[in-house]
Amino acid sequence: MATDSLIQIESVTKVYGTGDAAVAALRDLSLSVAPGESVAVMGPSGSGKSTLMNILGCLDTPSSGRYWFAGQDVSRLNETELAHVRNRRIGFVFQQFQLLPKLSAWRNVELPLLYRNVRDRRSLALQALEQVGLANRVDHRPNQLSGGQQQRVAIARALVTDPDLILADEPTGNLDTASSRDVLSVLRELNEQGRTIIIITHDPEVAPVAKRTVHMRDGQMVDEVAA
Amino acid sequence: MSLLHTIETGLRSLLGHRLRSVLTTLGILFGVAAVIATVGIGQASSDSVTARITSLGTNLLTVSGGSSVSGGVFGGSGSANVLTMSDVSGLQDRQSAPDIEAVAPVSQGRASLVSTSGNWSTTVSGSTTDWLITNTRTISTGTFLSANDAKTRAHVIVLGSTTASNLGVGVGDLVMVRQIPFEVIGILAPTGSQGFGNQDDLAVVPITTAQYELFGGPGTVQRILLSATSPGTVGSAYLEASQILLQTHHITDPSQSDFTITTQTQVLSTAQAVTQTLTILLASVAAISLLVGGIGVMNIMLVSVTERTSEIGLRKALGATPGDLFRQFVIEAGVLTAVGGLLGVATGLAVGYVVPRAANIAVTITPLPVLSAVGVAVAVGLIFGVYPALRAARLAPIDALRAQ
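Chains as they are written, first to last, in the working numbering: chain A, 1 to 227; chain B, 1 to 404.
The reader is advised that the hints may include incorrect statements.
[As the list claims (entries may be wrong)] According to the in silico footprint, chain B covers these stretches of chain A (three or more CB under 8 Å from chain B):
| no. | region |
| --- | --- |
| 1 | 51–65 |
| 2 | 75–87 |
| 3 | 114–125 |
| 4 | 189–199 |
[As the list claims (entries may be wrong)] If you anchor each label on the Cβ, the simulated ranges turn out as follows:
| no. | chain 1 | residue 1 | chain 2 | residue 2 | range |
| --- | --- | --- | --- | --- | --- |
| 5 | A | E81 | B | V292 | 26 to 34 Å |
| 6 | A | G46 | B | S284 | 34 to 42 Å |
| 7 | B | Q276 | A | E81 | 50 to 58 Å |
| 8 | A | A135 | B | R394 | 50 to 58 Å |
| 9 | B | P367 | A | T18 | 55 to 63 Å |
| 10 | B | R20 | A | T80 | 27 to 35 Å |
The set of hints was computed from the structure by calculation and includes no laboratory data. Every residue, glycine too, gets a C-beta built ideally from N, C-alpha and C.
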């Protein structure tokens, strides 16, 4: 299938469990995202937005349906191939930051580069930290940083591989209002520089950062709003 | 991920849990040290038994009466008194036994020796002049038994150095054996042997005196000690002796022979087999502790995988393949055991240095057990590291990320 989309999902269904216990977290969902877009996926808990995020992030594979990422069918890849796609093309930002507590900021940012044998890891990590405004915190450990700073380190880690897509799962879920605004402005800036961003959130304050908002309920898309 | 970084990551995580890593390492350390020390002690005792037996002379052959089979019951060698003085004279025939240098009959028993200053129980052997040659002994003071002593059933006695000093007697003194006075005519030069089978605690009297006045009946001997002319002629001396004895005993079928001839080589190999069995037994016990150490490694690796589930999930999300994570955990287990193994070698060598000086127990350390203990330790670590590593590699990234 030829497409100009970065992400093309066609009638994807994800079923957890088997027999009577089977639950469909996604039902026949289709979505396409063009390069450079910013999309907010909204919905109450249980709407299937986390499942969608796992599939979009190549952390899980759909039960049926197809997923093309940058023209490549990733719905049938094995675990190792999916790991390569995640490493080279996707940057993750999690609600819990997921920084390794014993490593300094730049060591945390360096992590994804270790899985692709890149030289100059330190200078790339420093560059990414500078981009999120933390050039003066490179040797700090996570517990020496505020929540907002930690999440910016996590964004730097997502950026350092120069990915096609940044996937943020409730990026402000653990932050106060000021830090949230801080983190969202970094994300908006990145999008303005042309990077594709998908934000999964249930917070109506977050959604306006994206140019397009997708609402989900019961594993299906209910409506789409262009900002 | 490159090997260097995998090792670096592994070391970082091990250093992050210092106490736990040290305790796990201790399990391997003691296992390896125990294997090295026990095999070393076994090796040393085997060496000392070998040395003790070869000091008796490798030329020695021992004829004992026996292999008596009565009604299908094997009585064991020495259970039938079939050797006589005529066997001795047959073996002394240089014509038919050119490779036998010396022949010493032995009639032996335990007896209490009483001197003016004390009494002492020891082994008293009746024998002849040749006893000195067959047992490769020398006299330090006085003389040994002469041929004439046997003819006259002289009441003379030669003592081992330990026996003489325990009795407080010297050459010319009198010693009572079973109420019969014997004159001490010589003291044997000490061999330095100790403990069980002490070669310096014995007494020798003329064979005839022993036969007629101390133990046994006239003419019977319990054993005949033979000395081959050289270590190389032990084999032919063996054949000559058994030919002669078959003839004097009128036996045509060698399998029916009523005597047994053993060489020192046979005694040596038996003794070595015994000490080897003991060494293997000790080493097995030590190896079990090594195994337990390995299970400790596996246990701690499983704990580590469980604790670091969310880290594993994060690394997977960032692009670590199942292979990357498998290697990382196997290497961590390998590092734990390799460090434990090397420290275990150091401890084992230290034991080998300290114990002989502190406890008078000989320890002989050879390279083979050292290398194999380390090899086994590392193999144990890798094998026991595989299961936890597989668990880590197989974790689904989303479940792992959620684990926090």
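To see whether the hints hold, each was checked on the structure:
Look at the region 51–65 of chain A against chain B: 4 of its residues bring a Cβ nearer than 8 Å to a Cβ of that chain, three or more, so the hint holds. Residue count for the region 75–87 of chain A with a Cβ under 8 Å from a Cβ of chain B: 6. That meets the three needed, and the coverage hint holds. With 4 residues having a beta carbon nearer than 8 Å to a beta carbon of chain B, the region 114–125 of chain A meets the requirement of three or more and the stated coverage holds. With 0 residues having a beta carbon nearer than 8 Å to a beta carbon of chain B, the region 189–199 of chain A misses the requirement of three or more and the stated coverage is violated.
Hint check: E81/A to V292/B, Cβ distance near 41 Å, so the stated range 26 to 34 Å is violated. The hinted window of 34 to 42 Å between G46/A and S284/B is violated, with their beta carbons roughly 60 Å apart. Distance hint check: the CB atoms of Q276/B and E81/A are about 56 Å apart, consistent with the given range 50 to 58 Å. In this structure the supplied range 50 to 58 Å is violated for A135/A paired with R394/B, their Cβ-Cβ distance being about 39 Å.
Taken as a hint, the range 55 to 63 Å holds for the pair P367/B and T18/A, whose Cβ atoms sit roughly 59 Å apart. At about 31 Å, the CB distance of R20/B to T80/A agrees with the hint of 27 to 35 Å.
Going down the numbered hints, you'll see the structure goes against 4, 5, 6, 8, while the others check out.
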